[in-house]
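Colleague: Protein chains in written order, with the working numbering: chain A, 1 to 309; chain B, 310 to 673.
Quick caveat, the hints were computed from the structure, so don't treat them as lab data. Heads up, a few of these hints could be off.
Said to hold, decoys possible - Covered stretches of chain A (chain B as the covering partner; in silico rule of three or more C-beta atoms under 8 Å from a C-beta of chain B):
id, region
1, 55-68
2, 184-194
3, 198-210
Unchecked claim - Just some of the chain B residues that point at chain A, by a computed CB distance under 7 Å:
id, residue
4, T494
5, P497
6, L498
7, M502
8, T514
9, L521
10, L529
11, T532
12, R542
13, F611
14, H613
C-beta atoms are modelled at their ideal positions from N, C-alpha and C, and glycine is treated no differently.
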Amino acid sequence: MMDILSTLTQHLFGSSYGIGQVLFRATPMILCALGASISFRAGLFNIGLEGQLLVGSLCGALAAGALSGVSAWLGLPLVFFCAFLGGSSFALIAGYLRAKRNVHEVVSTMMLNFVAIGLTNFVTKVFAVPETTHTSEIAPHLWAPRLSRALGIFEGSAVNILLFFALALAVLVFYVVYQTRFGLETKAMGHSSVVASYSGIDIDKRIFQVMALSGGLAAWAGLNFVLGYKHYFEMNFSSGVGFLAIAISLIAGNHPLIIIVVSLFFALLEEAALAVNVHVPKEFIQVLEAAILMGLLFAAAKKSRLKTA
Amino acid sequence: MQKLEILKALYRDAQILILDEPTQVLGVKGVGELFKILRSLRSVGKTIIFITHKIPEVLAIADRVTVLRRGAVVAGGSIGEFSADTLASYIVGEKIINPELFKPLTTNGSAAQDKKTALELSRIVTASTKEFPMALKDLSLRVYPGEIVGIYGVEGNGQKELFNVLTGHLPLKAGDLILGEQSITALPLRARMQRGMAFVGERQTQGFIASLSLWENVILSRTYDAALVRWWRIVLKNILFLAERVVEVFKVKIPNIKEPVASLSGGNQQKALLGREIAKTQASFYVLKEPTRGMDIKSTNFLHDKIRELLQRDAAVLVISNELAEILRLSHRVAVIARGRLAGILTPDEIQLNPQRLGALLGQ
Numbered sequence: 001m002m003d004i005l006s007t008l009t010q011h012l013f014g015s016s017y018g019i020g021q022v023l024f025r026a027t028p029m030i031l032c033a034l035g036a037s038i039s040f041r042a043g044l045f046n047i048g049l050e051g052q053l054l055v056g057s058l059c060g061a062l063a064a065g066a067l068s069g070v071s072a073w074l075g076l077p078l079v080f081f082c083a084f085l086g087g088s089s090f091a092l093i094a095g096y097l098r099a100k101r102n103v104h105e106v107v108s109t110m111m112l113n114f115v116a117i118g119l120t121n122f123v124t125k126v127f128a129v130p131e132t133t134h135t136s137e138i139a140p141h142l143w144a145p146r147l148s149r150a151l152g153i154f155e156g157s158a159v160n161i162l163l164f165f166a167l168a169l170a171v172l173v174f175y176v177v178y179q180t181r182f183g184l185e186t187k188a189m190g191h192s193s194v195v196a197s198y199s200g201i202d203i204d205k206r207i208f209q210v211m212a213l214s215g216g217l218a219a220w221a222g223l224n225f226v227l228g229y230k231h232y233f234e235m236n237f238s239s240g241v242g243f244l245a246i247a248i249s250l251i252a253g254n255h256p257l258i259i260i261v262v263s264l265f266f267a268l269l270e271e272a273a274l275a276v277n278v279h280v281p282k283e284f285i286q287v288l289e290a291a292i293l294m295g296l297l298f299a300a301a302k303k304s305r306l307k308t309a
Numbered sequence: 310m311q312k313l314e315i316l317k318a319l320y321r322d323a324q325i326l327i328l329d330e331p332t333q334v335l336g337v338k339g340v341g342e343l344f345k346i347l348r349s350l351r352s353v354g355k356t357i358i359f360i361t362h363k364i365p366e367v368l369a370i371a372d373r374v375t376v377l378r379r380g381a382v383v384a385g386g387s388i389g390e391f392s393a394d395t396l397a398s399y400i401v402g403e404k405i406i407n408p409e410l411f412k413p414l415t416t417n418g419s420a421a422q423d424k425k426t427a428l429e430l431s432r433i434v435t436a437s438t439k440e441f442p443m444a445l446k447d448l449s450l451r452v453y454p455g456e457i458v459g460i461y462g463v464e465g466n467g468q469k470e471l472f473n474v475l476t477g478h479l480p481l482k483a484g485d486l487i488l489g490e491q492s493i494t495a496l497p498l499r500a501r502m503q504r505g506m507a508f509v510g511e512r513q514t515q516g517f518i519a520s521l522s523l524w525e526n527v528i529l530s531r532t533y534d535a536a537l538v539r540w541w542r543i544v545l546k547n548i549l550f551l552a553e554r555v556v557e558v559f560k561v562k563i564p565n566i567k568e569p570v571a572s573l574s575g576g577n578q579q580k581a582l583l584g585r586e587i588a589k590t591q592a593s594f595y596v597l598k599e600p601t602r603g604m605d606i607k608s609t610n611f612l613h614d615k616i617r618e619l620l621q622r623d624a625a626v627l628v629i630s631n632e633l634a635e636i637l638r639l640s641h642r643v644a645v646i647a648r649g650r651l652a653g654i655l656t657p658d659e660i661q662l663n664p665q666r667l668g669a670l671l672g673q
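Construct the entire structure; sequences and hints are all you get.
Modeller: As structure tokens, then:
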């Protein structure tokens, strides 16, 4: 037992590599959970983040492949733009169905997750390097620089500048949510879309905007892998970040800054699972993760029930 | 559907059938069929209690009639003793002949009519939908600046539909809405508000979000106001100031404007809701639906005074209410609607002196 604990602490905190890896894992969680929080605040339960992440980051990867001859200053914004466009367009399918056809977004986004997996697998096969399940590597100047190279910290870890991008976005979302008309109206819509519509808020338009933002942020979460780690798009690479983000956002009460803290916590758990893999099967950590999640949600539900009583 | 329900009841050997507004969802043909079934049931000795607010149906099907108003029986007897007019005036109530309740307006409504119209409803036609069952049929009405027009009718005769036509939630099949000189038919609600329309709808479902704070609710219907939202950023200082003013002027009892609206009593919420809209000094046309529903006399009088004050800035007001006393106290003119049509326009004096005329219009 002590053995395991010492391995764990040694791995996580004994080296800057361990800390770096935790930050690397937290980056997509933050981005994706921010996407989740925006839709949850508007009362839209977008659980299709995983699919939007896959579609969007594939678009980003393909764009990066096509833009190899372009400088980083022009190329990277374009890659981000294409990824966002891919993720948001895919989310807008569910948005359209909700706004115009009154199809509940939980059903449509869940189904679209399967569509996304199939679609990205298919497209990846078309563009794949022979004998592999990934697209060809993108040009090095379009990679997101690792912090080890840019700042000389977290040696060996894949943590890259997208971490700062994610943190900055969390602050931006915080500002938008609490200080702007968009934030206020979206919150109102989440509480009562009928009253909101009689207050002059165009609910259909707002559904489109919120779904687009949510899907776009999910897509950027995928870029952490594509631009910052492997430098290509690989089939099913995201391993459930899109679903974990739902839990993170809910636990954080959809608060953009608390999302950072909760993401770090889950990233720590994931990295710990890898560290003790030799002694403890990593499935055990998954069970632990789920148990913590259930416990937190239980506590939150109990509190809110007390509040309404 | 109704047939099936009746069949189910008969199968259980029911002797007494109680039907509550059974014709609400039926077309003309369906009503005829239903009546045929009911008559045959009557002929085999069943008892039928038929609850409706539609006077023609009562006259068509009933043997005896009982008129209820505010939970009390006000009239009853064999159907032969009643006409559409007398039934309608019983539904409306003799109260209107009581002069105590009628306080004439100080402002002169007729002078207002020399001016341009504030809002014109021009031959409005809507379709009947599940949410808005009473179709509006060729409804035209002009409201002038400095005037309060009351909309009165038996409940379910198009009041809700008219309100939603004005907010833009119920699209027009034909006709035009003209605010000032500009058609607003194609404009969404926000654009209508920006052009000077203000609405007070049903508080819980259209007015306030109870779980949000008072200041958030105060800003909610005027986020287009540049003094409160500069570019995209909300100017909290100005919003809080405005919310405090509403609380003060409308005597809303609330410990803190950051408290959720749900913590206020219904009456205080209603005062705040009217206050929010009346505080829009740029607004020139008001649509108030049941502005004092469920409020005590004192608060009602207070809000009526506040509504009248709107006339001082030459605003036009449309009051849609089921309280005849309220309609009579506030309005310069009363537009009576029946079955989605404008049945006629009367002055409060005419109604007071001759309630039968109102009854005749209601029963149309």
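Colleague: Tell me if the interface restraint on L529 (chain B) is satisfied: Cβ within less than 7 Å of some Cβ in chain A.
Modeller: Result: holds, 5 Å to nearest chain A Cβ.
Colleague: With a cut-off of 7 Å on the beta carbons, see whether L521 (chain B) makes it to chain A.
Modeller: With Cβ-Cβ at 6 Å, under 7 Å, it holds.
Colleague: Double-check T532 (chain B) for me: the hint is only fine if its C-beta lies closer than 7 Å to a C-beta in chain A.
Modeller: holds, 5 Å
Colleague: Does the closest beta carbon of chain A sit nearer than 7 Å to the beta carbon of P497 (chain B)?
Modeller: Cβ of P497 (chain B) sits 6 Å from chain A, so the hint holds.
Colleague: Against chain A, with CB atoms and a cut of 7 Å, does the hint on F611 (chain B) hold up?
Modeller: violated, 24 Å
Colleague: Quick check on the hint: L498 (chain B) CB to chain A CB, less than 7 Å?
Modeller: The hint holds - L498 (chain B) has a Cβ within 7 Å of chain A, the shortest such distance being about 4 Å.
Colleague: Using a Cβ cutoff of 8 Å, are there at least 3 residues of the region 55-68 of chain A near chain B, or does the coverage claim fail?
Modeller: violated (count 0)
Colleague: Examine the region 184-194 of chain A for residues whose CB is less than 8 Å from any CB of chain B, and state whether their number is three or more.
Modeller: holds (count 7)
Colleague: Hint check: is the beta carbon of T514 (chain B) less than 7 Å from a beta carbon of chain A?
Modeller: holds, 6 Å
Colleague: Does the CB of M502 (chain B) sit less than 7 Å away from some CB of chain A?
Modeller: Where the cut-off is 7 Å and the nearest Cβ of chain A is about 5 Å from M502 (chain B), the hint holds.
Colleague: Quick check on the hint: H613 (chain B) CB to chain A CB, less than 7 Å?
Modeller: violated, 23 Å
Colleague: Given R542 (chain B) was flagged as interface, is its beta-carbon under 7 Å from a beta-carbon of chain A?
Modeller: holds, 6 Å
Comparing the model with each earlier hint shows violations of hints 1, 4, 13 and 14; every other hint is respected.
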